[in-house]
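Q: Residues per chain, in single letters:
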Amino acid sequence: MRFDSISLPAETEPLREEVRSFLRDNAEHLQARNSDFTTGHDPEFSAKLGEQGWIGMTWPTAYGGGERSFFERYVVTEELLAAGAPVSAHWIADRQSGPLLLRFGTEAQRQSHLPAITRGESYFSIGMSEPNSGSDLASVRTTARREGDGWVVNGTKLWSTDAHRNHFMVTLVRTEAPSENRHAGLSQLLIDLKNDGVKIRPIRNMAGGEDFNEVVFEDVLVPADRVVGEPGNGWAQVTSELAYERSGPERFLSAFRVLVEFARAAGAEPTTQQATFIGRAASHLLALRRMSISVAGMLEAGKSPEVEAALVKALGNDFEKLLPELARLAAPDAGAPEAGAPETGEANGAWRSFRETFADTLLLSPSFTIRGGTREVLRGVIARGLGLR
Amino acid sequence: MSTRDLIVETADRIFADHCDKALLDAAERGEFPEALFELLKENGLHELALADSGLTLADAFAVFKVAGRHALPLPLPELVLGNRWLDGDAGFVSIGPAAGAAEGARDVPWGRRADRVLAVDAAGVRLLTDQECEAQSNLAGEARDRVSGAAGEVLPDSEDALLLLTLARTLQMAGGLEKVLDLSLTYAGEREQFGRPIAKFQAVQHNLAVMAAETAAAIRAADAAAEALDGDPARLRLEVAAAKSRVGEAVGVVAELAHQVHGAMGYTHEHQLHHFTRRLWAWRDEYGSDGYWQAVLGRELAARGADELWGFIASRA
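As you go down the protein sequences, you meet chains A and B in turn.
For the first sequence, the residue numbers in numbering that gives the first Met the number 0 are 0 to 388.
For the second sequence, the residue numbers in numbering that gives the first Met the number 0 are 0 to 316.
In case anyone wonders, no lab produced these hints; they're calculated from the structure.
Misleading hints may appear alongside valid ones.
[To be verified] Partner residues aside, some chain B positions facing chain A, computed with beta carbon under 10 Å:
id	residue
1	Leu184
2	Arg190
3	Gln192
4	Gly194
5	Pro196
6	Lys199
7	Gln201
8	Gln204
9	His205
10	Asp222
11	Glu248
12	Ala294
13	Gly297
14	Gly304
15	Asp306
16	Ile312
Quick reminder that beta carbons are idealized off the backbone N, C-alpha and C, glycines included.
I would like the entire structure built from these sequences, with the hints used as guidance.
A: Here's what the structure looks like:
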């Protein structure tokens, strides 16, 4: 597994400054409570990003894209994530739904959807997991049967982020009965979430958010021209999305704000324990980011770095969970018997912001090593890459 | 093929041909590898960092990872860098951290055999005279001698010596991690239990996956620091701190899992694994542990302020 030493091209530096300047001008949109990419749904902000040309950056200009490099996209996305910018609304569409249509979609589908995505106006959810199909995606039971000029879809999708407020879902469905080849007979349908027969129920998560959903399809009629790619080719198509889905900086920056708020509270002269934590976290971030940029380089070269993306995500997610745990032990102990009154103690004032960000992130953290490919699945992908399976 | 690739290939070939278990066992018994030392000199490996070598420091440093991969029982970084600071023709030169004012140096690799010994501290390196040597060894059975003697003036152009030696040790560790991962993959593929190679068991696959991920991160970190060698010295210090830290942390995970994969066989002295894992554990604590360098990096970042943290991470090396 090679992670070539790739530096971001010098030409990306002015772009980085542009993004920072944009964020300063739009500071009222920054949540800064945590840097998790799923917790900031802000259509107004997404539209502003669209105006800047920062959604669909690598896509052909014929579809509203910027024909810019994967490195330029990397710079924009990492600046937005590090600042805690609200990118959830357009994130999935930009990261994988658009590229899927570019690779497998019809010209009509590209014309219909890509320009609106690049404007930050059209949002997509992922329709893969089901109540009985998570890591074992090939076992999905949502069906689509041919009827007249279209498909009739029945089944339930689960964990679909923002389905309650997004426009479309690329849905993995079974179009042929299961056979010995369990990956055969799957297809992807581009379904309008406002369709009659689509029942969406937000699911409250343990962090108090309601961004993922159960989506029930009851005899939903989908026109024939909504098949993405070839019927029966769903598995290969879904797999091709994975390198995009798993490879970005959102896979190691989810806990970044915890580090920033810790450093702010610790101040310019931290204790040795505090300095050690900051340095350890920084050493991980430097290595992870460099490996992630290598993966962006592989995407830029037209490769499909599934194993490398899985490796960076596995390392990154474990780090996202480790960071708050280490921070906690290096911060003043608000629960200690000597801690005194909460409103006057050391944990107030300078450390309050840290405690809020820490609490937010800790409650989000179980999802880090589950979403987008569990730790166990990713280790299996790495093992296959090592030739062990 | 670039000059650097050529140097690396030459070194790899020599080390592969000579660094077998017999040589490593002999070194552990206190036998200095004279023939190998002569061969290194014949191939000019001791002159890679001389001012007139025509090579960058990054070129010269490329061999240290190779040395680590083969557990070369000779202090190649000390030889290469010592010759640089002594301006060549230094014979077998070794280096160790200064033991305190006028007290010589400690942990000097093969101090007992060295023609010249340098003591290094934050100011640079100084040549010792009237040396007396007490033979000692580290956790890996490598010669790490106590050399007392009078220290001369700081040699010219050696103010970054501590940093360069730390980086060299980091690269040796990165090479050692590669080797330990390779040994583990091979062993798991060959060792059969319950009618199949143990590499077929998910628990073992996951351990190997974790090892591969940590090793990849360590190599990228070490290489990134080496790339900073010929650039801004202030940036180099922080890159070396980050690299020694990240690689040291990887050693803890990888060495432990490697022994787990190798089972009882890997626990024997007869098996070669310990020659690599003991070196990783020893090198992890030389020239400052991961904890030491984490504090260095953390203090620097704290002084710059929380709002500059992202800027530092995102800045190009």
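Q: For each hint, tell me whether it holds in the structure or not.
A: Hint by hint, here is what the structure shows:
1. Satisfaction of the interface hint for B/Leu184 is found here, the shortest Cβ-Cβ separation to chain A being roughly 6 Å, below the 10 Å cut-off.
2. With a least beta-carbon distance of about 13 Å to chain A, the hint placing B/Arg190 at the interface is violated under the 10 Å criterion.
3. For the restraint placing B/Gln192 at the interface with chain A, the shortest Cβ-Cβ distance is roughly 15 Å, beyond the 10 Å limit, so the hint is violated.
4. Of the supplied interface hints, the one on B/Gly194 is violated, with its beta-carbon coming no nearer than about 17 Å to a beta-carbon of chain A, more than 10 Å.
5. Look at B/Pro196: its Cβ gets to within about 9 Å of chain A, closer than 10 Å, so that hint holds up.
6. For B/Lys199, the shortest C-beta to C-beta distance to chain A is roughly 8 Å, which falls under 10 Å, so the interface hint holds.
7. About 7 Å separates the beta-carbon of B/Gln201 from the nearest beta-carbon of chain A, less than 10 Å, and the hint is met.
8. At about 4 Å, the closest approach between the beta carbon of B/Gln204 and any beta carbon in chain A falls short of 10 Å, and the interface hint on this residue holds.
9. The beta carbon of B/His205 is positioned within 10 Å of a beta carbon in chain A (closest approach about 4 Å), and the interface hint is therefore held.
10. For B/Asp222, the interface hint holds, since its Cβ comes within 10 Å of a Cβ in chain A; the closest pair sits about 5 Å apart.
11. Taking 10 Å as the C-beta cut-off, the interface hint given for B/Glu248 holds, the closest approach to chain A being about 7 Å.
12. Below 10 Å, beta-carbon pairs count as interface contacts, and B/Ala294 has one with chain A at about 5 Å; its hint therefore holds.
13. At a threshold of 10 Å, the smallest CB-CB gap from B/Gly297 to chain A is about 3 Å, leaving the interface hint in force.
14. Here the hint on B/Gly304 is kept, as its CB sits about 7 Å from the closest CB of chain A, short of 10 Å.
15. Interface restraint check for B/Asp306: the shortest CB-CB distance to chain A comes to about 8 Å, inside 10 Å, so the restraint holds.
16. Look at B/Ile312: its Cβ gets to within about 5 Å of chain A, closer than 10 Å, so that hint holds up.
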